[in-house]
Amino acid sequence: MDKKKVRDVNDNSDMELDKVSRFFGTVIALKDITFEVFRGKITCLLGDNGAGKSTLIKILSGVHKPSEGDMLINGEKVILDSPRSALDQGIATVYQDLALVPLMSIGRNFFMGREPVKKIWPFRFYNKDFANRVAKEEMAKIGINIRSAEQAVGTLSGGERQSLAIARAIYFAKNILIFDEPTAALGVKQSGIVLKLIKHAKEKNLGVVFITHNSYHAYEVGDYFYILNRGRTVGNYTRKDMNREKLFNLMAGSKMAS
Amino acid sequence: MKEDNKVVSKGNQKDERIKKISFFRSLLSRPEFGALSGAILVFIFFGFIAGKSGMFSALGIVNFLEVSAQLGIIAVAACLLMIGGEFDLSVGSMIGFAGICIAIPVTIWGWPVWLAIVFAFSVAVCVGYVNGVLVITTKLPSFVVTLAMLFILRGLAISLTRLITGRTQIYIDRTVVEADPLAWLFGGKVLVGFFQWLADQGIIAARQDGIPLADGIPMSILWWIVLVVISTVLLVRTKFGNWIFAVGGFQKGAYNVGVPVNRVKIILFIFTACSATLFAIIQVLSSASADTLRGSLKEFEAIIASVIGGTLLTGGYGSTIGSAFGALIFGTVQLGIFYTGIDTDWFKVFLGVMVLIAVIFNNFLRRKATGEK
Numbered sequence: 000m001d002k003k004k005v006r007d008v009n010d011n012s013d014m015e016l017d018k019v020s021r022f023f024g025t026v027i028a029l030k031d032i033t034f035e036v037f038r039g040k041i042t043c044l045l046g047d048n049g050a051g052k053s054t055l056i057k058i059l060s061g062v063h064k065p066s067e068g069d070m071l072i073n074g075e076k077v078i079l080d081s082p083r084s085a086l087d088q089g090i091a092t093v094y095q096d097l098a099l100v101p102l103m104s105i106g107r108n109f110f111m112g113r114e115p116v117k118k119i120w121p122f123r124f125y126n127k128d129f130a131n132r133v134a135k136e137e138m139a140k141i142g143i144n145i146r147s148a149e150q151a152v153g154t155l156s157g158g159e160r161q162s163l164a165i166a167r168a169i170y171f172a173k174n175i176l177i178f179d180e181p182t183a184a185l186g187v188k189q190s191g192i193v194l195k196l197i198k199h200a201k202e203k204n205l206g207v208v209f210i211t212h213n214s215y216h217a218y219e220v221g222d223y224f225y226i227l228n229r230g231r232t233v234g235n236y237t238r239k240d241m242n243r244e245k246l247f248n249l250m251a252g253s254k255m256a257s
Numbered sequence: 000m001k002e003d004n005k006v007v008s009k010g011n012q013k014d015e016r017i018k019k020i021s022f023f024r025s026l027l028s029r030p031e032f033g034a035l036s037g038a039i040l041v042f043i044f045f046g047f048i049a050g051k052s053g054m055f056s057a058l059g060i061v062n063f064l065e066v067s068a069q070l071g072i073i074a075v076a077a078c079l080l081m082i083g084g085e086f087d088l089s090v091g092s093m094i095g096f097a098g099i100c101i102a103i104p105v106t107i108w109g110w111p112v113w114l115a116i117v118f119a120f121s122v123a124v125c126v127g128y129v130n131g132v133l134v135i136t137t138k139l140p141s142f143v144v145t146l147a148m149l150f151i152l153r154g155l156a157i158s159l160t161r162l163i164t165g166r167t168q169i170y171i172d173r174t175v176v177e178a179d180p181l182a183w184l185f186g187g188k189v190l191v192g193f194f195q196w197l198a199d200q201g202i203i204a205a206r207q208d209g210i211p212l213a214d215g216i217p218m219s220i221l222w223w224i225v226l227v228v229i230s231t232v233l234l235v236r237t238k239f240g241n242w243i244f245a246v247g248g249f250q251k252g253a254y255n256v257g258v259p260v261n262r263v264k265i266i267l268f269i270f271t272a273c274s275a276t277l278f279a280i281i282q283v284l285s286s287a288s289a290d291t292l293r294g295s296l297k298e299f300e301a302i303i304a305s306v307i308g309g310t311l312l313t314g315g316y317g318s319t320i321g322s323a324f325g326a327l328i329f330g331t332v333q334l335g336i337f338y339t340g341i342d343t344d345w346f347k348v349f350l351g352v353m354v355l356i357a358v359i360f361n362n363f364l365r366r367k368a369t370g371e372k
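Quick note, the sequences are listed as chains W and H, same order.
Residue numbering for the first sequence follows numbering that gives the first Met the number 0, beginning at 0 and increasing consecutively.
Residue numbering for the second sequence follows numbering that gives the first Met the number 0, beginning at 0 and increasing consecutively.
Hints are computed from structural coordinates only; laboratory data are not their basis.
Just so you know, even glycine gets a beta-carbon here, dropped at the ideal spot from N, CA and C.
Among the hints, erroneous ones may be present.
Residues from chain W that keep clear of chain H, each with C-beta distances beyond 10 Å, as calculated [as the list claims (entries may be wrong)]:
1) G68
2) L71
3) R107
4) R229
In silico BS3-like cross-links for lysine-lysine, where the CA-CA straight-line distance does not exceed 27 Å [what the hints assert, rightly or not]:
5) H:K251 / W:K127
6) W:K245 / W:K195
7) W:K64 / H:K138
Input sequences plus hints: build the corresponding full structure.
Shown next, in the form of structure tokens:
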């Protein structure tokens, strides 16, 4: 099958995985994956359970290091050894578990790991007012008006939490924004909102990676489609040579193949 | 109520969905509220029962504050570590071990006291580091890892001391301690002149030779206050404080958004071991002796003080001010029972009941905070 790089004429690669493999002991989770993300485009990563989607995402977001192969950002080779260094490269992720702490306030969650500081010599204090204001503003930008950024995340509804995680990732993503199965646990209406947010991120000229096992959601927003199965790339297509049925069949086919 | 409205509308535009929160309700949702009200109750109780027995004389107050302060010092660290989602059961043994780390160099090897203090803190940093690294690399519950360290350190303290000195208690020459440039910082007292003046004025009781019964404020109380203030600022006003809450609240999530989880945990374990060492230095220098058995059960007392102070056993929530009130309740009741003439054996019963009430109350608060039903 088609394992070559495919791209539209004008697109420049923002991030690239070159023949990346990842092994866990004797288990081959990923083998020779070549994957590209383009600025201002949505790259969908599809595959059934166990296809290696999560492992690939963890490599992109710095949780795992690849066992083999290189990662390039804007053409330069980088090594991400933690999510922190991924964030330093402008790669932000909306995790499936959202990575929010229920007992902490919205403002503190929003800036968790990247806290704004106010310098009062010789000390550096956490800038709470700034954090709360920005968290509230950024949530409002994607259409969620929260009562106060001081309230604990535990008191938010599921949809509000998802929005917080997305607003946070959009705020910190300078290059790449990764959505890890953001619609998996949502109803029809909520999924629609999330898909709209994914398009919103694309308009901000970010390279968007959208992981899903829902071919309808993928087709609705995707510019590029990578289909994974059993740790290998099964196919890689641009929107031009893709249609709804083909995508659905590819997904179903990869299911049969397993 | 009017006051509250003003505060809300000043910061940002008033939102009609913000329920007015009364002062009392916002107080109720603070982690340290339970311990604060507990401490007030305890003072009222002993004020009535033991008011005339001398418990609230200058000497009595200094005494129960000193007991509270010593526990409070390790409770601050235990509290931070608990908020960060871990326990350290080796605190008590570390106290005994740190004690001999001072006493042996000073008495046997002839080191100056200040050098022995530096040595003891260096050992503590190593022990805390090992604790932290073991917990991180084995991914075992810190409860188990530090339980092992509890026995290792206590065993080392006893066997090394017996090997080197042939005994398990070491006495230090008081004049050596008093002559040292650094020792007063741990074993000394402040406001000695002020207390003498109070005694001269007849405000506080004095011995027949004019020296007041309470001759100053022990440094341990000062250390306690300083540590509580610093740790509170650290928790609520710094980046690192946010990391502590994040790591204890949801470790994986915190790591995924860039919190250096391992660094936070190792620092907290080091701080805990250092607080135990501070406790040990204060005791060794003020009593001019070290005992390998010192500090037994202190790890549990520190955890109890933190829990009474509103810190969750499961991590991610709490306050070191709360732990200070917890330690204050602990110290006051421990000495108060003695003043009332009640058999001191009852202290443990009281302690158990307090812990039970505190845990149930905290759990209730946590469910309210997270919106759990």
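Now the hints, each set against the structure:
1. With a minimum CB-CB distance of about 22 Å to chain H, G68 (chain W) clears the 10 Å threshold, and the non-interface call stands.
2. The beta carbon of L71 (chain W) sits about 21 Å from the closest Cβ of chain H, which is more than 10 Å, so the claim that it is off the interface holds.
3. The claim that R107 (chain W) lies off the interface is violated: its Cβ sits roughly 6 Å from the closest Cβ of chain H, which falls inside the 10 Å cut-off.
4. Non-interface call for R229 (chain W) relative to chain H: holds, since the shortest CB-CB distance, roughly 26 Å, exceeds 10 Å.
5. Proposed proximity of K251 (chain H) and K127 (chain W) is supported: the alpha carbons are some 24 Å apart, at most 27 Å.
6. For the proposed pair K245 (chain W) and K195 (chain W), the alpha carbon gap of about 23 Å is at most 27 Å, so the pair holds.
7. For the proposed pair K64 (chain W) and K138 (chain H), the alpha carbon gap of about 20 Å is at most 27 Å, so the pair holds.
Hint violations for this structure: number 3 only, all remaining hints satisfied.
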